[in-house]
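With the working numbering, letter number 18 in the sequence shown gets 36, and the count goes up by one each step, no holes.
Since the hints were made in silico from the structure, they are not lab data. Hints should not be assumed to be uniformly reliable.
What the hints assert, rightly or not - Lysine-lysine pairs mimicking DSSO-like chemistry, simulated, CA-CA at most 27 Å apart:
id: 1; residue 1: Lys105; residue 2: Lys66
id: 2; residue 1: Lys105; residue 2: Lys76
id: 3; residue 1: Lys133; residue 2: Lys76
id: 4; residue 1: Lys95; residue 2: Lys133
id: 5; residue 1: Lys94; residue 2: Lys76
id: 6; residue 1: Lys105; residue 2: Lys95
id: 7; residue 1: Lys95; residue 2: Lys66
id: 8; residue 1: Lys94; residue 2: Lys105
id: 9; residue 1: Lys94; residue 2: Lys133
id: 10; residue 1: Lys105; residue 2: Lys133
id: 11; residue 1: Lys66; residue 2: Lys76
id: 12; residue 1: Lys133; residue 2: Lys66
As the list claims (entries may be wrong) - Simulated restraints on C-beta separations:
id: 13; residue 1: Arg48; residue 2: Gln119; range: 35 to 45 Å
id: 14; residue 1: Asp84; residue 2: Gly47; range: 39 to 49 Å
id: 15; residue 1: Asp99; residue 2: Glu72; range: 17 to 27 Å
id: 16; residue 1: Cys44; residue 2: Arg106; range: 19 to 29 Å
id: 17; residue 1: Arg50; residue 2: Asn142; range: 38 to 48 Å
A virtual CB, placed ideally from N, CA and C, is assigned to each residue, including glycine.
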Amino acid sequence: MVTGNELIDSEHTQLFEAINALLDACASGRGRDSLRDTAEFLSDYVAKHFGDEEQLQKQYHYPHYDAHRTFHVNYKKQIRDAADAIKRAGGTMENLQRLNQLVNVLINHIRREDKRLASFIRENT
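Throw the hints in and build the complete structure from the sequences for me.
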């Protein structure tokens with residue numbers, strides 16, 4: 019998932035460390051206990067990471083900024099809603115599945131959009 023952009027890649031490393039920690043917790047029977055912290059981390063993470071990406075997009079006049087930002091706004095709401103649901107109901111199977119779906123969406127976004135952004139920045143520096 020390396021994009022070649024130092025800032026983006028360092029933030030992606032933090033994301034994958036948190037996801038791997040949750041997977042490890044699930045494998046050892048502690049997944050429900052870790053779900054709330056992971057959801058909170060993800061909510062905070064996407065707010066910061068997406069803000070950093072949007073700054074880069076503005077700085078380099080990225081032509082897909084509007085679509086990228088629209089995804090960011092919608093995704094931040096979805097992950098915040100999921101974190102709030104986990105706070106209210108705890109580590110239910112439904113909440114775990116929802117968080118897993120949102121993580122998959124984020125990983126696909128990284129594979130496509132973040133790599134495209136990093137490529138654009140490399141070509142324009």
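Okay, the hints, checked on the actual structure:
Under the criterion of a C-alpha separation no larger than 27 Å, the hint pairing Lys105 with Lys66 is consistent with the structure, at around 21 Å. The suggested pairing of Lys105 with Lys76 is violated, with an alpha-carbon distance near 35 Å, which exceeds 27 Å. Between Lys133 and Lys76 the alpha-carbon distance is near 16 Å, which keeps this suggested pair within the 27 Å criterion. Using a Cα cut-off of 27 Å, the hinted pair Lys95 and Lys133 holds, with the two alpha carbons roughly 23 Å apart.
A distance of roughly 19 Å separates the Cα atoms of Lys94 and Lys76; the hinted pair therefore holds under the 27 Å criterion. Restraint check for Lys105 and Lys95: satisfied, since their Cα atoms lie roughly 15 Å apart, inside the 27 Å limit. Of the supplied pair hints, the one linking Lys95 and Lys66 holds, its CA atoms being roughly 14 Å apart against a limit of 27 Å. A hinted pair counts as satisfied when its Cα atoms are at most 27 Å apart, and Lys94 with Lys105 qualifies at roughly 16 Å.
Restraint check: the Cα-Cα separation between Lys94 and Lys133 comes to about 20 Å, which is no more than 27 Å; the hinted pair holds. Among the hinted pairs, Lys105 with Lys133 is inconsistent with the structure: their alpha-carbon atoms are about 33 Å apart, more than 27 Å. Pair hint Lys66 plus Lys76 holds up; C-alpha atoms about 15 Å apart against a cutoff of 27 Å. At roughly 18 Å between alpha-carbon atoms, Lys133 and Lys66 fall within 27 Å of each other, so this suggested pair holds.
Remark: the range hint 35 to 45 Å for Arg48 to Gln119 is contradicted by a beta-carbon distance near 21 Å. The hint said 39 to 49 Å for the Cβ distance between Asp84 and Gly47, and at roughly 44 Å that hint holds. Restraint check, Asp99 to Glu72: a C-beta distance of roughly 21 Å satisfies the suggested window 17 to 27 Å. For the pair Cys44 and Arg106, the beta carbons lie near 21 Å from each other, so the given range of 19 to 29 Å is met.
A C-beta distance of roughly 46 Å is found between Arg50 and Asn142, which places it inside the suggested range of 38 to 48 Å.
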